[in-house]
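Number of protein chains: 2
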Amino acid sequence: MQLSETVEWGLHACLALAMLPDGARIPARALAEYHGIKPSYFSKAMQKLVAAGIVQSTEGRSGGLAMGKPAEDVSLLQIVMALEDHQVLFRCTEIRQKGPCAAASRHYRAPCNIARVMRKAEAEWRRVLAETSLAELRQSATAEPVPGVNEATQTWLAETGAVRGT
Amino acid sequence: MQLSETVEWGLHACLALAMLPDGARIPARALAEYHGIKPSYFSKAMQKLVAAGIVQSTEGRSGGLAMGKPAEDVSLLQIVMALEDHQVLFRCTEIRQKGPCAAASRHYRAPCNIARVMRKAEAEWRRVLAETSLAELRQSATAEPVPGVNEATQTWLAETGAVRGT
Numbered sequence: 001m002q003l004s005e006t007v008e009w010g011l012h013a014c015l016a017l018a019m020l021p022d023g024a025r026i027p028a029r030a031l032a033e034y035h036g037i038k039p040s041y042f043s044k045a046m047q048k049l050v051a052a053g054i055v056q057s058t059e060g061r062s063g064g065l066a067m068g069k070p071a072e073d074v075s076l077l078q079i080v081m082a083l084e085d086h087q088v089l090f091r092c093t094e095i096r097q098k099g100p101c102a103a104a105s106r107h108y109r110a111p112c113n114i115a116r117v118m119r120k121a122e123a124e125w126r127r128v129l130a131e132t133s134l135a136e137l138r139q140s141a142t143a144e145p146v147p148g149v150n151e152a153t154q155t156w157l158a159e160t161g162a163v164r165g166t
Numbered sequence: 001m002q003l004s005e006t007v008e009w010g011l012h013a014c015l016a017l018a019m020l021p022d023g024a025r026i027p028a029r030a031l032a033e034y035h036g037i038k039p040s041y042f043s044k045a046m047q048k049l050v051a052a053g054i055v056q057s058t059e060g061r062s063g064g065l066a067m068g069k070p071a072e073d074v075s076l077l078q079i080v081m082a083l084e085d086h087q088v089l090f091r092c093t094e095i096r097q098k099g100p101c102a103a104a105s106r107h108y109r110a111p112c113n114i115a116r117v118m119r120k121a122e123a124e125w126r127r128v129l130a131e132t133s134l135a136e137l138r139q140s141a142t143a144e145p146v147p148g149v150n151e152a153t154q155t156w157l158a159e160t161g162a163v164r165g166t
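Sequence lines, in order, name chains A and B.
Be aware that the first sequence starts at 1, since it is given in my numbering, and climbs by one per residue.
Be aware that the second sequence starts at 1, since it is given in my numbering, and climbs by one per residue.
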């Protein structure tokens, strides 16, 4: 039942992108390095976020990744769903309609009571993720910075020239 | 992010066991057949429920499976967790502590704000599953029976002699 590790990567990567100055871009390779993640698999995850319109990718020498929409308009659910191949936690295969004692399919109009509870639980999970925007994450990350990280990041960005377009 | 298919099996199997008369047992093979599931993999799932104390297994000619505790005391969360190898949806690998700009680990006492939201969502999912007991499922299944299934089940049980101990 575990979410893909790319969900953790994607959430951190989007948070980092949301903290860039307006117009700035950072290559996927540098963003992977910043998070201590191997670039190849990370780039594939970023491509999923690009495909979903959450992240924008620009080609060329001054190209790189940037947010594809305002952080206020990106929920954590959107990021998770863009990165996960399976869109639901519980898949109902209608077991109740199988086996030697099942009735004709026309008798199964009401949803299975097991699927009903599983979906209700899943809806609560989604609700929390849908209610939290990337902007809120950015706000809490800005309000409670880890000592020294912002300074180290500025130095690293300057040294590597990773950020473009500013 | 998908739950194992054994979760669907286990929930339906526990519901069926919870509907058996007191003292009745049914072999895992017959319970699999009743649900239209191949017995071998199904039996392994049932063993996990036995290991968790949710289902009781009796050996011998008149042996079989029965509930290991009252349906009122079994939540859907217990069944799901007994069947899932991974106990959490979101695994935080502390990405924030990795990479070239991370601070010393002593500076990361507060939980990561990303993990915090992911765990809050997961707690809501768990809450719904923890609040729903197998007894409630049994009640709704009994209150809204699918036409003909109970009769077909009684006939099938009588013909196959699947239920023992009554």
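Watch out, some of these pointers could steer you wrong.
No copy is singled out in the list; a pair is fine if it fits within one copy or between any two copies.
Capping the alpha-carbon separation at 30 Å, the derived lysine-lysine pairs in DSSO-like fashion look like this [as the list claims (entries may be wrong)]: (1) 69 to 48; (2) 48 to 120; (3) 69 to 98; (4) 98 to 120; (5) 38 to 48; (6) 98 to 38; (7) 38 to 120.
Everything labelled a hint here was simulated from the structure, so no lab data went into it.
Against the structure, the hints:
1. 69 to 48: within (15 Å within a copy, 46 Å between copies)
2. 48 to 120: both (27 Å within a copy, 25 Å between copies)
3. 69 to 98: between (46 Å within a copy, 27 Å between copies)
4. 98 to 120: within (23 Å within a copy, 36 Å between copies)
5. 38 to 48: Classified as within; 17 Å inside a copy, 36 Å across copies.
6. 98 to 38: between (45 Å within a copy, 12 Å between copies)
7. 38 to 120: between (37 Å within a copy, 29 Å between copies)
Violated hints: none; the structure is consistent with every hint.
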